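Those protein sequence lines, which keep their order, are chains V and P.
Residues in the first sequence are numbered consecutively from 108, following the numbering used here.
Residues in the second sequence are numbered consecutively from 1304, following the numbering used here.
The hints are simulated quantities; they were obtained by calculation from the structure and are not laboratory data.
Note that the structure is a prediction, hence the values are computed from the model and not measured.
Treat the hints with care, since some could be wrong.
List of simulated lysine-lysine pairs, BS3-like, C-alpha gap at most 25 Å [said to hold, decoys possible]:
hint	chain 1	residue 1	chain 2	residue 2
1	P	1544	P	1478
2	V	283	V	246
3	P	1351	V	129
4	P	1463	P	1447
5	P	1422	P	1447
6	P	1351	V	124
If you want the footprint, here are the derived chain P segments under chain V, 3+ residues with CB under 8 Å [what the hints assert, rightly or not]:
hint	segment
7	1343-1353
8	1373-1385
9	1470-1482
For each residue, glycine too, the CB sits at the ideal point set by N, CA and C.
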Amino acid sequence: MAHQSELIEQDILAYLKSHEEKSLLRFITCGSVDDGKSTLIGRLLWDSKMVFEDQLASLEADSKKVGTQGGAIDYALLLDGLQAEREQGITIDVAYRYFSTDRRKFIVADTPGHEQYTRNMITGASTAQVAVILVDARKGLLTQTRRHSFLVSLVGIRHIVLAVNKMDLIDFDRQKFEAIRQEYEQFAANLGFGDITAIPLSALGGDNMIEPSANTPWYQGPTLMNYLETVRIEGEDREKPFRMPVQWVNRPHLDFRGFCGTVASGVIRPGDELLVASSGRSSRVARIVTMDGDLPEAVAGQSVTLTLTDEIDISRGDMLSAPDSPPIHARHPEAHLVWMHDTPLQPGQIYLVKTATTVTPGRITSVQYAVDVNTLEQKQVPTLGLNEIGVARLELDRPISFDPYRQNRQTGSFILIDRFTNATVAAGMILAAAPLEPQTEGYRPEPSGPENGFPRRISLSEASVSGAGVSVVDLTGETGIFEFDVSASFLEYLGKGNRILFRLRDLEQLPAVAAMAHEQALSFEFDRTAYGVSILLFKRSTRSGSESPDDGGTGI
Amino acid sequence: MSLNLTHLQQLEAESIHIIREVVAEFGNPVMLYSIGKDSAVMLHLARKAFYPAPPPFPLLHVDTTWKFREMIQFRDRMAAECGLDLIVHVNEEGVRQGVSPFTHGSSLYTDVMKTEGLKQALNRYKFDAAFGGARRDEEKSRAKERIFSFRSANHRWDPKLQRPELWNLYNTRIKPGESIRVFPISNWTELDVWQYIHLENIPIVPLYYAAVRPVVERDGMLIMVDDNRLELKPGETVQYKSVRFRTLGCYPLTAAVESEAATLPEIIQEMLLTRTSERQGRLIDHDSAGSMEKKKQEGYF
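Just chain V, same shape as in the assembly:
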């Protein structure tokens, strides 16, 4: 483990200082045993000098005993963790490996590539910022390459390395490498990756792993280690609107009330205004408290304790947000589900939905479609089984605060827990708040545009919107003409002083909401935020207009 050994020997304090500024990168490797994935990771550990002599001794002994390299060092054996699977010769779960260079510390999620282990890949990818997708240069793109790429894109990883391995077995043929690279770029064009870097490799021989290989003079790009050390991932989360799910309320005595949590996105400073999405109440940050003293600011990724200038009711489960771009607060998220359990999804059954903020009972009302991970085709299915992926609609017992997963991985994700076995049965990634349940059966989210001649009818009832404070009707998924069916409970709900936020796709949806407000003698405020246009609908108090806090509104 002698990286930078000269500096360590001569000036340990300088070495320590330089290593205090290291950043952290989490990445996942995807590929099968045959792609040389374990060899690749073993090689990274080996070449960054993270293997000790006693480990080397046992590696040499194991290589002779159970190795697959004819007695030569089998790097893959550095990785196999559990005795049972070592005997089977396959890895059956996610393993985490650690190594570091002078510039970064790395956490590698090592996941098997076998078809039935979608679950493990999603698990390993959920915390990764970069994916290394392995391809055997002799075989080119396989079905599993497409599967891995789809899963990686689903989980929101934006930086991709296409590691074209075993280049030594095709004589470092540039044309073949270029053909693989081009085919992959075409295939991946629709997957929403930020960047794709193809690297010709031989993990076994070390070509382009750490140092540029003399065997590929035609390749000018980074080596794998060089890429991992320099890919820019910092700051992506802090440019988004502020979010902090409240994890714990710290109240050691009556004079201190701190809200503890990890900043999911954005930046916060004392004096900044905050909104509690569930209640619509707002306050300002008084202090950012830590044991090392108050901070002038906190950024995404930090675990902090905030005190506020006002005594407002906030508890675990609430989400603190920037006031001008709050999260969605709704009961009916629509989400990608990855089913992770042997027992298939039971539509209608109650599960526990655990998000960044809270645990809420809820049921899956419908599976919209499943996605074939090999062909990416959508198909109609009644349910999802182990390792199947689909889009489903949920109905929660009470509204929760969330963001679309594409906008925020921390506040857009959830797990489903079986209430009886306590097993984690699914991973969820929220697409949006679902359009409200339609009157007619068989509704699909496809455009119900004017071409079919009839406006779609959207029913509004207390059940479909109710919650504390501001409830949401999300119309951003509606693409055609619609009208509302207003129920008595809906009006009663507004009559109690509740307000309902209608999110609009665009201004063309405004007349329908305005017409409904006019018919029902309701008032509304129009607003434009980072997420689009919205209308806050409410019932003006008939007793005394001047008492209403909403009096400044521009109700028509």
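Keeping the supplied structure of chain V fixed, place chain P upon it in accordance with the hints.
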């Protein structure tokens, strides 16, 4: 634009998040405090997580009665300074049977005084979550360990019952009698731990620093003569050497290394230049490739 978070800041934030999540979701958590450097870091993180309040859970030390005396002194001092309740549990049945590492061998001794002792304490106080300072990089069988590691009602670890862990969403649901072991510093390496101790000035047991200590050479290992229970075998003599410990446990089972490293930077320097991993000094790991895995299944940490 603010400075980027360093790797230690990110590891710290993740650990604090985990510790808070346990306190928010479990009724009766405890922190297993082994007095070593990993425990020191874990305790420090817990204090940060709840500042200005003290951590809202007790410390539990399973005392095998064979710990270094300096460890026990350090333990009592830290608990008092942090304002935490300290529960010390000894397997009295094991003591009555006279179980010691010399008479019963390291394997049975560890099983009775450590593993059984831990189960007794968890059962007696009905803890539903127990923090431990294990790290995934310590040993191969730990690379796949969850951060929230599920244990059955009889404290067994079954790989098939472990739950997938996605994002930072941890499934904390258990039935009565079941429990979860939580490892907040899973993602830290030995170097991270030392760097953090250095950066944060975290107190550690003086045994980590080199000093002249009485040792005997036994089976190629240097064993410290910490009290008069260590009986010398024929041919053994007590020597005084400048030694230190890379890992701390029961003194008859923990090998010292010869060293002059008397400051933290020197310790880190030595660690970085050394060619053997830290668990080398622990006698119980040497049995066979799967020995740690077997011990874990039986409830050992």
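I'd like to know which numbered hints this structure contradicts. Please list them from smallest to largest. When the structure is compared with the hints, numbers 1, 8 turn out to be violated.
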